[in-house]
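S.K.: Here the protein sequences line up with chains R and X, keeping their order.
With the working numbering, you'll find the first sequence wraps up at 1044, consecutive numbering, no jumps.
With the working numbering, you'll find the second sequence wraps up at 1219, consecutive numbering, no jumps.
Just so you know, the hints here were simulated from the structure itself, not pulled from any lab data.
Covered stretches of chain X, going by a simulated chain R footprint (3 or more residues, C-beta under 8 Å): (1) 1103 to 1117; (2) 1121 to 1133; (3) 1170 to 1178; (4) 1182 to 1188; (5) 1193 to 1204.
Remember, predicted model here, so these are calculated numbers, not experimental data.
Idealized CB from N, CA, C, for every residue including glycine.
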Amino acid sequence: MDLLAFARGPALSFSLAIFVLGVIWRLVGVLALSPWNDLSPPREGAPPNWLSAIQAVFRKMIPHRTFLTAGMFTTANGYVFHIGLAIVVLLFVPHILFIRSLFGVSWPGLPNGVVFGVGALTAASLLAALAYRLTSPVLKLISRPNDYISWLLTFVPVVTGLAAAAHVGARYETLLALHVLSICAFLIWFPFGKLMHAFLFVLSRGATGVRFGHRGAQL
Amino acid sequence: MKHDDTLAAELERRGVSRRAFLKFGSYIASIMALPPSSVEALAEGLAAARRQSVIWLSFQECTGCTESFTRSFAPTIENLIFDFISLDYHHTLMAVSGEAAEEARKEAMAANKGKYIVVVDGSVPIKDGGVYSAIAGVTNKQMLEDTLKDAFAVVAVGTCASFGGIPKANPNPTGAVAVSELVGGKPLINISGCPPIAEAMTGALSYLLSFGKIPELDHLGRPKAFFGETIHDRCYRRPFYERGLFADGFDDHGARQGYCLYKVGCKGPVTYNACATMKWNGGVSFPIQSGHGCLGCSEPNFWDQGGFYRPLPTPLGAMGPALAGAAVAGAALGVGAALSARRHQKTYLASLEKEKE
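Work the whole structure out from these sequences, hints included.
M.R.: Printed below as a string of structure tokens:
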């Protein structure tokens, strides 16, 4: 079995199984906890809990004006690489084919040149995020190995994907195999590291929104 | 034609001018990516070459490789080179059969000790002592070992000989192996493909005759000149791939427009061969030009890559059962974790109540 067959076969099957197991484990583990039960009456005019939760999810996407200037780089750069990753993952035709093979759904993709450009921008943005983390005294202080591993396992698939697309550094099938293997590592780490925020941010923001809304606090 | 005739003498007899021969030398040098300075050396080497004894062994094969070489559409200098070599043993092409054929092989081996080239098409079965394929009562493995002893070089023609091919595909009932596993230290050239391109064979043979050594090979033992680039790299449909224009089936709008066949399983991006540049039938067409994706036939294990119509980025094998099992296991673990947390919470609240009392 060559490296590409190993990556597309056993490695991908194993990592996808771990990903599904881990994500469902953590989501069910959170959702099946005892419901929050505040016995105090809600503040007069307080929105229903579900509305507070949805409002919190969206309102927190833009920092409060108090922190807007101070957190401008983090916010803007965060948007660049999150949107960049979404475009690269969801609108590159080979990725759409991969998703179709798993779920049976597909949609039109973007021309390769556009995706490669977005991929390069995303890689640069991720590097900038790391540089900021390493130079900001506060961020550096609160950073843990979990943060760096999560960054690395996000960055490597982007770089190996770009290298495979540009045929740089090795034969195409080797680069493709390395790209797939880097995604395997990403999938295995995802549920157990900070990458899980991709799912948990909705729950944590929603829970905060419900508590604040119940007490009549402005979000 | 005598054995001590040179190729130049033979070509002259057939009315091929020196100018035409030099053009052919340039062509071979060009397709093998040799520097311009080597054209004259190649032509001179070829002109002075004596008739080369070739023993062609056909093992677990379909004769497609021989068909490919013998169905040239027009007489060319390449054909003349095929005519020029002394094909002393070849099941399909030789006039004699049975004992006489085997005698011819042994005579050629004795007369050209250390000089003859062995061409092999087909894989070699080695399971159960190699009983699954035998010629004149001799197993393929034994015949290959006997013939290789005094050979100058070996050329494995076709994917079966180069990498095991279809006979080696799962579950490989005969224990088929590639020739490379049995040649020991003999110089070996793999000309893979199902079937291989005739010009790749001619080019490799011309190089051997001219320079007396094997050409530069890739990590799979194939001449880099023919197997140095992927079909995708040289495909005329590549611009459609870059623009994101694909055929989703073999009879849709994209297929009629000649868009890229990546989505319908083309293996061009991971297949190294010269199909897209040299093409077939005298440069008329090649599979992708005819509307079908590349099967990857010149690569090892091409038969076991999950299916010809499965796109490259998709996982190999069925994922459904594994993912369903993982989802059930994950849900069970999640419920277990939540129940455990609830129990902890209750115990903690009870202890607080107790403290109050």
